[in-house]
Amino acid sequence: MFPYIPVSKHDETHMLEVIGAKSVDDLFVDIPDTLKLKRDLELPRHKSEIEIRNIIHKLANKNTSASEKLCFLGGGTYDSYIPSIVPYLTSRSEFATAYTPYQPEISQGTLHAIFEFQTLVANLTDMHCSNASMYDGPTAAAEAALMAFDKQKGDTLLISNTVNPKIRAVVETYLKFRGYKVVIINQTDFVTDLDDYKEKISKDAVGLLVQSPNYYGVVENYTEMFELATENKALNIMYTDPSSLGILKTPGEYGVDIAIGDMQQFGNAMNYGGPHIGFMAANKKLMRKLPGRIVGESVDHSGKRAYVLTLQAREQHIRREKATSNICSNQALNALSSTIYMSVLGKKGMKDVAVNSTNKAHYLYNELLKTGVFTEVTKQNFYREFILESKIDVSVLNQSLNEAGILSLIEVEKNIVQIAVTENRTKEELDYFIKTVEVM
Amino acid sequence: MRKYDQLIFEISKPGHIGYSLSDDEFTSMDYTKYFNDDSLRQTELEFPEVNETEVVRHYTALSNLNFGVDTGFYPLGSCTMKYNPKINEEMAGNLKFSSVHPEQPESDVQGTLELMYNASNSLAEITGMDKISLQPAAGSHGELTGLMMMKAYHLKNNNAHKVNIIVPDAAHGTNPASANVAGFNIIEIKSTKNGAVDLDSLKEAIDENFAGLMLTNPSTLGLFEKNIEAITEIVHDAGGLLYYDGANMNAIMSKVRPGDMGFDIIHLNLHKTFSTPHGGGGPGAGPVGVKSYLEPFLPYPVLEKSDENYTLNYDRPDSIGKIKNYYGNIGIVIRAYTYILEMGSDGLKRASEVAVLNANYMQARLKEHYLLPIDELCKHEFVLSGNFGLTHGINTIDIAKRLIDYGFHPPTIYFPLIIDQAMMIEPTETESLESMDKFIDAMIEIRKEIDDNPDVLHQAPTTTYISRIDEVQAARNPILTYKKQEA
Numbered sequence: 039m040f041p042y043i044p045v046s047k048h049d050e051t052h053m054l055e056v057i058g059a060k061s062v063d064d065l066f067v068d069i070p071d072t073l074k075l076k077r078d079l080e081l082p083r084h085k086s087e088i089e090i091r092n093i094i095h096k097l098a099n100k101n102t103s104a105s106e107k108l109c110f111l112g113g114g115t116y117d118s119y120i121p122s123i124v125p126y127l128t129s130r131s132e133f134a135t136a137y138t139p140y141q142p143e144i145s146q147g148t149l150h151a152i153f154e155f156q157t158l159v160a161n162l163t164d165m166h167c168s169n170a171s172m173y174d175g176p177t178a179a180a181e182a183a184l185m186a187f188d189k190q191k192g193d194t195l196l197i198s199n200t201v202n203p204k205i206r207a208v209v210e211t212y213l214k215f216r217g218y219k220v221v222i223i224n225q226t227d228f229v230t231d232l233d234d235y236k237e238k239i240s241k242d243a244v245g246l247l248v249q250s251p252n253y254y255g256v257v258e259n260y261t262e263m264f265e266l267a268t269e270n271k272a273l274n275i276m277y278t279d280p281s282s283l284g285i286l287k288t289p290g291e292y293g294v295d296i297a298i299g300d301m302q303q304f305g306n307a308m309n310y311g312g313p314h315i316g317f318m319a320a321n322k323k324l325m326r327k328l329p330g331r332i333v334g335e336s337v338d339h340s341g342k343r344a345y346v347l348t349l350q351a352r353e354q355h356i357r358r359e360k361a362t363s364n365i366c367s368n369q370a371l372n373a374l375s376s377t378i379y380m381s382v383l384g385k386k387g388m389k390d391v392a393v394n395s396t397n398k399a400h401y402l403y404n405e406l407l408k409t410g411v412f413t414e415v416t417k418q419n420f421y422r423e424f425i426l427e428s429k430i431d432v433s434v435l436n437q438s439l440n441e442a443g444i445l446s447l448i449e450v451e452k453n454i455v456q457i458a459v460t461e462n463r464t465k466e467e468l469d470y471f472i473k474t475v476e477v478m
Numbered sequence: 072m073r074k075y076d077q078l079i080f081e082i083s084k085p086g087h088i089g090y091s092l093s094d095d096e097f098t099s100m101d102y103t104k105y106f107n108d109d110s111l112r113q114t115e116l117e118f119p120e121v122n123e124t125e126v127v128r129h130y131t132a133l134s135n136l137n138f139g140v141d142t143g144f145y146p147l148g149s150c151t152m153k154y155n156p157k158i159n160e161e162m163a164g165n166l167k168f169s170s171v172h173p174e175q176p177e178s179d180v181q182g183t184l185e186l187m188y189n190a191s192n193s194l195a196e197i198t199g200m201d202k203i204s205l206q207p208a209a210g211s212h213g214e215l216t217g218l219m220m221m222k223a224y225h226l227k228n229n230n231a232h233k234v235n236i237i238v239p240d241a242a243h244g245t246n247p248a249s250a251n252v253a254g255f256n257i258i259e260i261k262s263t264k265n266g267a268v269d270l271d272s273l274k275e276a277i278d279e280n281f282a283g284l285m286l287t288n289p290s291t292l293g294l295f296e297k298n299i300e301a302i303t304e305i306v307h308d309a310g311g312l313l314y315y316d317g318a319n320m321n322a323i324m325s326k327v328r329p330g331d332m333g334f335d336i337i338h339l340n341l342h343k344t345f346s347t348p349h350g351g352g353g354p355g356a357g358p359v360g361v362k363s364y365l366e367p368f369l370p371y372p373v374l375e376k377s378d379e380n381y382t383l384n385y386d387r388p389d390s391i392g393k394i395k396n397y398y399g400n401i402g403i404v405i406r407a408y409t410y411i412l413e414m415g416s417d418g419l420k421r422a423s424e425v426a427v428l429n430a431n432y433m434q435a436r437l438k439e440h441y442l443l444p445i446d447e448l449c450k451h452e453f454v455l456s457g458n459f460g461l462t463h464g465i466n467t468i469d470i471a472k473r474l475i476d477y478g479f480h481p482p483t484i485y486f487p488l489i490i491d492q493a494m495m496i497e498p499t500e501t502e503s504l505e506s507m508d509k510f511i512d513a514m515i516e517i518r519k520e521i522d523d524n525p526d527v528l529h530q531a532p533t534t535t536y537i538s539r540i541d542e543v544q545a546a547r548n549p550i551l552t553y554k555k556q557e558a
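Respectively, the protein sequence lines represent chains A and B. Residue numbers 39 to 478, in this note's numbering, belong to the letters of the first sequence in order. Residue numbers 72 to 558, in this note's numbering, belong to the letters of the second sequence in order.
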């Protein structure tokens, strides 16, 4: 009756005999009768695969997705190119149905891939080391903030107002229950206000959190800010769009202490916001402060190279309340997707993706300005995501876009829309978007 | 297992390309003009250069070095390694779900929101809680969320001094770790010799600063906490809240509900009880459930239904805030909801019954050959001890490694900490009698080897490409990234 329960009534009789019980009910006599549920759960009875497909497809069909309409949304999640080998390989059940690699002799596949992931993240960010993944970018930022409070003296984390408010919200939740303070640095013309920062940075600061490119897509120069943070013994934490690192200055080149971000766009579907995958890379001094799983290289008893979970003395199952973090399960399979993505794109592809989308974004930006529907908001440099002011009410604009088969744009401020262009948008699609706006 | 040892970096050959992008003219245009020179990357990107075929063969070879539930029996205690139905993958892979951007307006995502709403209500019914949030990404993330709500509740009631969380010594390591991240003090209490909460220790640990108790029921020993009603009363009388670690929910579905036991806050591990694949360590999902009086503190946004529309409510003044970007690991929720539909009320009940039947059968047979420190009716798992008091120098680790040679994934070992040399075995309901018998036969054979040929255990595993690994060296001299060897 239940295809995933292979124990028959005949088996059950035999097993009860071995146990010395009369019935399955006898196996639950340890539950106080007063607490027992004396009715069936109020759920429908079991269904066949045929019925389930119908139910779930019906629900899916109520959605409008980027598989049918053009997506120019960003803000941390991107409709990027997913090479077909990525889902193909990660769906191999040897990867997908394994647990955390506690038994290294039969988990070399997962461990090996995580070691590659750590190497790729460290190389991409130019940092010393990386952990095995975090839940997503914002929780990675929160964990980085906690590391700063753990490592440095002080009670305040400085966050630039140009950091995505969704990231800030998660960081603030994590910190407020510890009694830690967050001070927001103002922005001027969509970049961090240096004067305001200089006023606010002090010895009370344990860290500085900035985002590159920032929430508005702008590429800021953080050199002076980072220097000042270091002078004040605060850790520099840089939240970064990993795709931008194919061409833009890296956290390592800036000399930051912790680099974090979200790698959904590296081989993972958008999934309405999850599962995505956060990453965290750090300088050497912070290696033993990293949260969560880390894989290290070692040798087996015969001297063969092998991989194993390491530095476990930081982790909850050994250190309990003294652990560097409570994280246990992370996003291992998503990290595998990102590993395969980074491998197949490789040295040239990482740069090509960044260049291709930068040029497409700037093409679209200039053409959209020519339509007269949008006006420029700022002259700051941007990567592949930008903001424009709409002369048309945004709800009206979005309705026209929807009718033309384009998903609604994000309104980041009154009448200001955010537009992201990934390598997954073709020239033809950009021209279609431009033409659609032209006739408004 | 096949032999394979290369890293993707070692396969790399200059000029190999494994991808193609559209509109090459955009790739070859100058991009530097859009940036200041000091904004550009100067260092070389040390990424591999590989062809598509090479990448596919590489990761296929790596997969052959792995062991999953689809490979064989995986009785890893406390992890509920049940079979992962394939239709779950098919449903979550529907592009109309997976290609939705989280910033799309609610009107675009009514199907997903309806599914989330139904999934939440189903989980609320299964657990006896009033309201569920799907936002936490994993079990320990759910713990953290629940504890933050506990703190917010005490703050709201002007009880800022309530900062002590009591955790039994048999608890999962995540419990005290999560309590610490949420800013609580942790008080560990000793369990009775049968692994139950010691009521006297509990009472002793409670003072005016008591915030709440974290409990797993059935406990990490696989035993139902028979004094749960008394515990609930003690905790609530002292003004504390009772937190339920849902890791062991697979034992009790449709039998007893955490909400009815008196728990105020719970989390579930969808990647355990609700059959979503572990992925080699995630992604999971750790929904939290609360009683109605704690609803205001749930992370925002809260999913609501009005007439025929589903909406996300951000106007939640008492909410703890956001705990994760967006709304949760929705791809995992889709799989879990599909599972709930497959099993239904009758199937979930049968799942828990057979999970408990299987565990008791294995316990009854294995206690004839191994030390069973607590010989009681168990729930979904039980704990053997690898301590034989023998002189062969055999340890639990040796038995675990020898099981690999017999083709099985070892049980959870050295946990719970209160059992010397613990081996924690959880068969789940998705194993057949034949499969369990083969495992039991292997355990009996290993028991003979311990007396007759202990060396074979010390050497184990011998059937894998890699033998036991020097973990001490890995931690003492950490190599965490690949560095190209200079020729």
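Don't read these hints as lab results, they were simulated from the structure. Quick reminder that beta carbons are idealized off the backbone N, C-alpha and C, glycines included. Worth double-checking, as some hints may not be accurate.
Unchecked claim - Computed, partial: chain A to chain B, Cβ under 7 Å:
| # | residue |
| --- | --- |
| 1 | 53 |
| 2 | 108 |
| 3 | 156 |
| 4 | 157 |
| 5 | 234 |
| 6 | 288 |
| 7 | 335 |
| 8 | 341 |
| 9 | 349 |
| 10 | 372 |
| 11 | 383 |
| 12 | 437 |
| 13 | 441 |
| 14 | 442 |
| 15 | 443 |
Outcome of the hint check:
The interface hint given for residue 53(A) holds, since its Cβ lies 4 Å from the closest Cβ of chain B, which is under the 7 Å cut-off. For residue 108(A), the interface hint is violated, since its Cβ never comes within 7 Å of a Cβ in chain B; the closest pair sits about 11 Å apart. The interface hint given for residue 156(A) is met, as the beta carbon of that residue sits about 6 Å from the closest beta carbon of chain B, less than 7 Å. Taking 7 Å as the C-beta contact cut-off toward chain B, the hint placing residue 157(A) at the interface holds, the least distance being around 4 Å.
At its closest, the beta carbon of residue 234(A) sits 22 Å from a beta carbon of chain B; the interface hint therefore is violated under the 7 Å criterion. This hint holds: residue 288(A) has a C-beta 6 Å from the nearest C-beta of chain B, less than the 7 Å allowed. The criterion of a C-beta within 7 Å of any C-beta in chain B is met by residue 335(A), whose closest approach is roughly 4 Å, and the hint holds. For residue 341(A), the interface hint is violated, since its Cβ never comes within 7 Å of a Cβ in chain B; the closest pair sits about 9 Å apart.
Evaluation of the residue 349(A) hint against chain B yields a held restraint, the C-beta minimum of about 6 Å falling below 7 Å. Contact between residue 372(A) and chain B, as hinted, is supported at the beta carbon level, the nearest pair being about 6 Å apart and thus within 7 Å. Because the closest C-beta pair between residue 383(A) and chain B is about 5 Å apart, less than 7 Å, the hint holds. Taking 7 Å as the C-beta cut-off, the interface hint given for residue 437(A) is violated, the closest approach to chain B being about 11 Å.
Because the smallest distance between the Cβ of residue 441(A) and any Cβ of chain B comes to about 13 Å, over 7 Å, the interface hint for this residue is violated. Nearest Cβ of chain B to the Cβ of residue 442(A): about 15 Å, over the 7 Å cut. The hint is violated. Annotation: interface hint on residue 443(A) violated; nearest CB of chain B at approximately 13 Å, more than 7 Å.
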